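Let the hints inform the model, and build the full structure from the sequences given.
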Amino acid sequence: MIYNEKVMEHFQNPRNVGVIKDADGVGEVGNPVCGDMMTFYIKVKNNRIADVKFQTFGCGAAIAVSSMVSEMAKGKTLEEAMKIANKSVAKELGGLPKNKLHCSNLGADALHKAIEDFKEKQKAKRKISDSKMDVKPVVVNCPYCDGPLNGFEEICQKCQVELENCPQCGKPMKKGTQECPHCGATR
Amino acid sequence: MIYNEKVMEHFQNPRNVGVIKDADGVGEVGNPVCGDMMTFYIKVKNNRIADVKFQTFGCGAAIAVSSMVSEMAKGKTLEEAMKIANKSVAKELGGLPKNKLHCSNLGADALHKAIEDFKEKQKAKRKISDSKMDVKPVVVNCPYCDGPLNGFEEICQKCQVELENCPQCGKPMKKGTQECPHCGATR
Amino acid sequence: MVYFDHIASTPLHPLVLESMLPYFNEHFGNPQSIHTHGQKSLQAIEKAREEVARLINAQPSEILFTSSGSESNNLALKGIAPAERNRGNHIIVSSIEHQSVLRPASKLEKQGFKLSYVSVDKYGLVDPDDVKKALTPQTILVSVMLANSEVGTIEPIREISAICQENDVVFHTDAVAAAGNIPVDVSSLGVDLLSLSGNQFYGPSGSAALYVKKGTKIDSIIDGGIQENGKRAGTENVAGIVGLGTAAKLALKQMEQRKQKLITLRDKLIKELLERVDHVVLTGHRKNRLPYHASFCIKFVEGESMLLSLDMQGVEVSSGSACTSKTLKVSHVLQAMGIDAAVAQGSIVFSLIEETTSEDIDYLLEVFPPIVEKLRKMSPLYTKYLEEKHNDI
Amino acid sequence: MVYFDHIASTPLHPLVLESMLPYFNEHFGNPQSIHTHGQKSLQAIEKAREEVARLINAQPSEILFTSSGSESNNLALKGIAPAERNRGNHIIVSSIEHQSVLRPASKLEKQGFKLSYVSVDKYGLVDPDDVKKALTPQTILVSVMLANSEVGTIEPIREISAICQENDVVFHTDAVAAAGNIPVDVSSLGVDLLSLSGNQFYGPSGSAALYVKKGTKIDSIIDGGIQENGKRAGTENVAGIVGLGTAAKLALKQMEQRKQKLITLRDKLIKELLERVDHVVLTGHRKNRLPYHASFCIKFVEGESMLLSLDMQGVEVSSGSACTSKTLKVSHVLQAMGIDAAVAQGSIVFSLIEETTSEDIDYLLEVFPPIVEKLRKMSPLYTKYLEEKHNDI
Ligand SMILES: Cc1ncc(COP(=O)(O)O)c(C=O)c1O
Ligand SMILES: Cc1ncc(COP(=O)(O)O)c(C=O)c1O
Ligand code: FES
Ligand code: FES
Numbered sequence: 446m447i448y449n450e451k452v453m454e455h456f457q458n459p460r461n462v463g464v465i466k467d468a469d470g471v472g473e474v475g476n477p478v479c480g481d482m483m484t485f486y487i488k489v490k491n492n493r494i495a496d497v498k499f500q501t502f503g504c505g506a507a508i509a510v511s512s513m514v515s516e517m518a519k520g521k522t523l524e525e526a527m528k529i530a531n532k533s534v535a536k537e538l539g540g541l542p543k544n545k546l547h548c549s550n551l552g553a554d555a556l557h558k559a560i561e562d563f564k565e566k567q568k569a570k571r572k573i574s575d576s577k578m579d580v581k582p583v584v585v586n587c588p589y590c591d592g593p594l595n596g597f598e599e600i601c602q603k604c605q606v607e608l609e610n611c612p613q614c615g616k617p618m619k620k621g622t623q624e625c626p627h628c629g630a631t632r
Numbered sequence: 446m447i448y449n450e451k452v453m454e455h456f457q458n459p460r461n462v463g464v465i466k467d468a469d470g471v472g473e474v475g476n477p478v479c480g481d482m483m484t485f486y487i488k489v490k491n492n493r494i495a496d497v498k499f500q501t502f503g504c505g506a507a508i509a510v511s512s513m514v515s516e517m518a519k520g521k522t523l524e525e526a527m528k529i530a531n532k533s534v535a536k537e538l539g540g541l542p543k544n545k546l547h548c549s550n551l552g553a554d555a556l557h558k559a560i561e562d563f564k565e566k567q568k569a570k571r572k573i574s575d576s577k578m579d580v581k582p583v584v585v586n587c588p589y590c591d592g593p594l595n596g597f598e599e600i601c602q603k604c605q606v607e608l609e610n611c612p613q614c615g616k617p618m619k620k621g622t623q624e625c626p627h628c629g630a631t632r
Numbered sequence: 003m004v005y006f007d008h009i010a011s012t013p014l015h016p017l018v019l020e021s022m023l024p025y026f027n028e029h030f031g032n033p034q035s036i037h038t039h040g041q042k043s044l045q046a047i048e049k050a051r052e053e054v055a056r057l058i059n060a061q062p063s064e065i066l067f068t069s070s071g072s073e074s075n076n077l078a079l080k081g082i083a084p085a086e087r088n089r090g091n092h093i094i095v096s097s098i099e100h101q102s103v104l105r106p107a108s109k110l111e112k113q114g115f116k117l118s119y120v121s122v123d124k125y126g127l128v129d130p131d132d133v134k135k136a137l138t139p140q141t142i143l144v145s146v147m148l149a150n151s152e153v154g155t156i157e158p159i160r161e162i163s164a165i166c167q168e169n170d171v172v173f174h175t176d177a178v179a180a181a182g183n184i185p186v187d188v189s190s191l192g193v194d195l196l197s198l199s200g201n202q203f204y205g206p207s208g209s210a211a212l213y214v215k216k217g218t219k220i221d222s223i224i225d226g227g228i229q230e231n232g233k234r235a236g237t238e239n240v241a242g243i244v245g246l247g248t249a250a251k252l253a254l255k256q257m258e259q260r261k262q263k264l265i266t267l268r269d270k271l272i273k274e275l276l277e278r279v280d281h282v283v284l285t286g287h288r289k290n291r292l293p294y295h296a297s298f299c300i301k302f303v304e305g306e307s308m309l310l311s312l313d314m315q316g317v318e319v320s321s322g323s324a325c326t327s328k329t330l331k332v333s334h335v336l337q338a339m340g341i342d343a344a345v346a347q348g349s350i351v352f353s354l355i356e357e358t359t360s361e362d363i364d365y366l367l368e369v370f371p372p373i374v375e376k377l378r379k380m381s382p383l384y385t386k387y388l389e390e391k392h393n394d395i
Numbered sequence: 003m004v005y006f007d008h009i010a011s012t013p014l015h016p017l018v019l020e021s022m023l024p025y026f027n028e029h030f031g032n033p034q035s036i037h038t039h040g041q042k043s044l045q046a047i048e049k050a051r052e053e054v055a056r057l058i059n060a061q062p063s064e065i066l067f068t069s070s071g072s073e074s075n076n077l078a079l080k081g082i083a084p085a086e087r088n089r090g091n092h093i094i095v096s097s098i099e100h101q102s103v104l105r106p107a108s109k110l111e112k113q114g115f116k117l118s119y120v121s122v123d124k125y126g127l128v129d130p131d132d133v134k135k136a137l138t139p140q141t142i143l144v145s146v147m148l149a150n151s152e153v154g155t156i157e158p159i160r161e162i163s164a165i166c167q168e169n170d171v172v173f174h175t176d177a178v179a180a181a182g183n184i185p186v187d188v189s190s191l192g193v194d195l196l197s198l199s200g201n202q203f204y205g206p207s208g209s210a211a212l213y214v215k216k217g218t219k220i221d222s223i224i225d226g227g228i229q230e231n232g233k234r235a236g237t238e239n240v241a242g243i244v245g246l247g248t249a250a251k252l253a254l255k256q257m258e259q260r261k262q263k264l265i266t267l268r269d270k271l272i273k274e275l276l277e278r279v280d281h282v283v284l285t286g287h288r289k290n291r292l293p294y295h296a297s298f299c300i301k302f303v304e305g306e307s308m309l310l311s312l313d314m315q316g317v318e319v320s321s322g323s324a325c326t327s328k329t330l331k332v333s334h335v336l337q338a339m340g341i342d343a344a345v346a347q348g349s350i351v352f353s354l355i356e357e358t359t360s361e362d363i364d365y366l367l368e369v370f371p372p373i374v375e376k377l378r379k380m381s382p383l384y385t386k387y388l389e390e391k392h393n394d395i
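Same order as they appear, the protein sequences are chains F, P, V and G.
Here the first sequence is numbered in the working numbering, starting from 446 and rising by one per residue.
Here the second sequence is numbered in the working numbering, starting from 446 and rising by one per residue.
Here the third sequence is numbered in the working numbering, starting from 3 and rising by one per residue.
Here the fourth sequence is numbered in the working numbering, starting from 3 and rising by one per residue.
By construction, these hints were calculated from the structure, which means they are not laboratory data.
Just to be clear, a hint being listed does not mean it is correct.
Unchecked claim - With a straight-line cut-off of 25 Å between C-alpha atoms, the simulated SDA-like cross-links for lysine to any residue are:
id: 1; chain 1: G; residue 1: K49; chain 2: V; residue 2: L23
id: 2; chain 1: P; residue 1: K488; chain 2: G; residue 2: K379
id: 3; chain 1: G; residue 1: K251; chain 2: G; residue 2: H281
id: 4; chain 1: G; residue 1: K379; chain 2: P; residue 2: K528
id: 5; chain 1: F; residue 1: K619; chain 2: G; residue 2: G232
These numbers were taken from a predicted model, which means no experiment stands behind them.
Written as structure tokens, this is what we have:
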């Protein structure tokens, strides 16, 4: 198996799958590396995550990560939930294959976005009328010239350096680089 | 086996091995390809090869070829013996591996040299006092500029063409040539 | 266990293994050795060369043994380009070639060769006219695969080779997915080079071949000893080569029978899967396709999650989704065919083997629809689709 | 049957074959496949990688599987030279390297690299000082073999690697004849790259490896998929790799025992052969030599004729004579050691294997002298020698 038993267990029996129609916050992220997508829905009560659901279009790791994030988030205060980090999700799952580590980014990112969405909505005192959001791919900059990238390019338009995506964090780095400038992963 | 049964039989039980101390003719050839050597001794009576012996420093094919040539020569008139050709020796042996065909050249060449030696000695009415002869490597010319070669060069000194030896006849040809200009062998 | 991953590797035929065994323990000699052990091995590889030649209607001397389909492809491109350098510097490949053609091609481009890609239509078909149009007086080599392993499409090789012959351009075809599975005749195909690999027709992995038409000049990529006529150095993998020979012999003998059986099963799979699961597209050409090959994109679901779910039910398949690839890139083949990136993520390939039975297909058709359903319930894309559809009404 | 041709190929150890079999019929999956069959194969090759790493005290990630010692050598030279091109263009090799080092080196020379050869003494030893002298500021790569398979000499690798390290030059050693037979530790040897091959230590042919020290930049020669970390494309020869792993494990475990046994037998062979046959020279170094290796030149006799005669008595050996080589060239190794061409024609190599017994040596010593005698009777060179000796008296 490419995944350990815990990951597979979550993959087979993901917790909290679904949509919350009248969610207090919705967070959706797209994955610049493989083009997948994850949506988190939260219900907030007394500054705590009272309910959480997710939907994921992605690999086994992405599904297991979403499931794990949803479990970790449930019942936490918003501040605690914002602290759920990619690393701790992967750790909680007993580890992920190197080139799947970026999937664990998705889960926490989507949750955090849902919390931010909730807060913004609170601020604006707006009601959630439209649960659809634009997919906001993680925007990154070229690690060499700092020019803008959407994460898909094979060549940076600004400095022309050849790029590839780090198999660990998925962010663009110079082709053939031994160490990722973003997450420090080595080959 | 790299050789057929007939070749192996001659290799194991070569006919007419040895030296004729008071030979009427001696022929010695060296092989420009692999550096081996063959010596034929003949006794001539009434223009016929009454006795023949050989010595060979070389591969299994060279030994079998010498043996076969000696058998073919015995009892033949000198004219008939001069007609023993490389091809017929190889044929008589039931075929030789491609890169061993040059060995069959050795046998007939050495026999012919012995006959020539006999004739020269006859002419000069000289007695054979010295059975030792210089090794005369087959002298060839560059097939491209006709410059002199001794058969060992990797480059023709005259025209600078890169040379290799034909695996069939052993003569020099342009490196990488598909067809030998001497014997017509194709790869 | 239901194995539908022919394109990754086929199981070794029992007779193939049987033929290999003596070359492990008894006849372990080096084929270049003059002694008895060596000559036994030499005879064995020369016999295998004849079998492989027969499979594709070539001469034994035109068969060069290699260690993989990838090596054969590399040798074809990197061997021909420098050898033909004095005649020109332009190379044409199709955009759906295997990486082992594409990567060498782009390496050659870095070394100063010019490279053109010919595109494919939505069925993955190369248009021979496009090859003709891409030709320049500098063109020395064209490489178009015989059949694509990801979508099963069989290319119009004869038409392309005719264009190459007219223009005196060397033509290579990667037949790794095809040879041993459909009739392949190098002379009627009119190709100069052809790659094939044992592990695609019940032979061993690590044993493949490149057909090089007599008279074709080719450089080596592994230099050293005089094995394979000086074109590929290294002590021969004797048992592997023997296995390849046996596999070739069996493939030739059983070609029609295997083919007919697989076509029947394949067509059943395609028909019923399209009936039982909605929002599914068949990828590749409907008719010009490999007998063992059924490939789809299942919308709103990602390939790896289907693959893992099927694996847990004992069904082994592959996918061209980005998530299933080590480099996390979606299949360039699906991309080249113009398939939308999100749809391509739902790629799934069922590639059947000799042993596949009708029951295996039934089993698949039973377990697969619930998997798709479960995953779609989890999919934000499917939810959106349903919402939009709902709004439309 | 007495097999004294270790250097051509060793027989497969029964345990090696046993470990390979499941990867032919049961676990035939492609290691790159995500499903169960694939992952089984992946685990197997990663386990083998650990075993091979352990044999030479490397990290598993530093082991790259190839299809032959020749491929490993080609990859080392053709992989390093372009990767280091920006630092210089000069390469140094010894004059007794295997053709799979020499040929790639001269190909690189044709591509614009400068190439120097360091010579050897009459024992086949490279003088580290010569390497030092050959270094230029442009030197990027040195390749000197760990042990020579034709004369058995073991080279002073540690001293050479120290010089390379001091001068920041990449150092490759071809350990094909050595690894698995004598202790090889990449870190104490101080090498950056090291080639080894399974068929030299009772593993399968077609399965070899290149050690590439972590951090060493290297280009690939077979491009395509991401196998072997993108450094060597092509579906893995899983069974072959598993066999290599098992052979490495056995070799490590039995190293001392095998070595001591072989040294005893080798020394007996050398001593008694020199006693029983006159006009014989031992080739290679007397002390710094491979445990399994006894090589000679038998004056006035050509190698192939000895080899064939021994084969008929059931004894299999090899020779570096021109007549035994397909290209009809005398061994470049004997030539480089300054051995007279006619003497070199009498080359004969007895290379022992695990299974060799004292009785095998006795048998050889019994059948060999009469063979030499018979062939010398046939030899014009021997006749001349006797005449000259006679005249001298
Ligand atoms: C020292 C040395 N290097 C390299 C090789 C090449 O190995 P292979 O024939 O397995 O490619 C050999 C083969 O005998 C060898 O002895
Ligand atoms: C069409 C095609 N070409 C080449 C290859 C490469 O073959 P291998 O992985 O055996 O090197 C494959 C492998 O699946 C293939 O499908
Ligand atoms: S979601 Fe694509 S690799 Fe995990
Ligand atoms: S005599 Fe040398 S190859 Fe025949």
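Now the hints, each set against the structure:
Restraint check for K49 (chain G) and L23 (chain V): the C-alpha separation of about 24 Å stays at or below 25 Å, so the hint holds. This hinted pair checks out: K488 (chain P) and K379 (chain G) have alpha carbons roughly 20 Å apart, not beyond 25 Å. Proposed proximity of K251 (chain G) and H281 (chain G) is contradicted: the alpha carbons are some 42 Å apart, above 25 Å. Note on K379 (chain G) and K528 (chain P): the hinted pairing is violated, with a Cα-Cα distance of about 29 Å set against a maximum of 25 Å.
In summary, the hint linking K619 (chain F) to G232 (chain G) is supported, as the alpha carbons are separated by about 16 Å, within the 25 Å threshold.
Against the hints set out earlier in the document, violations occur for numbers 3, 4.
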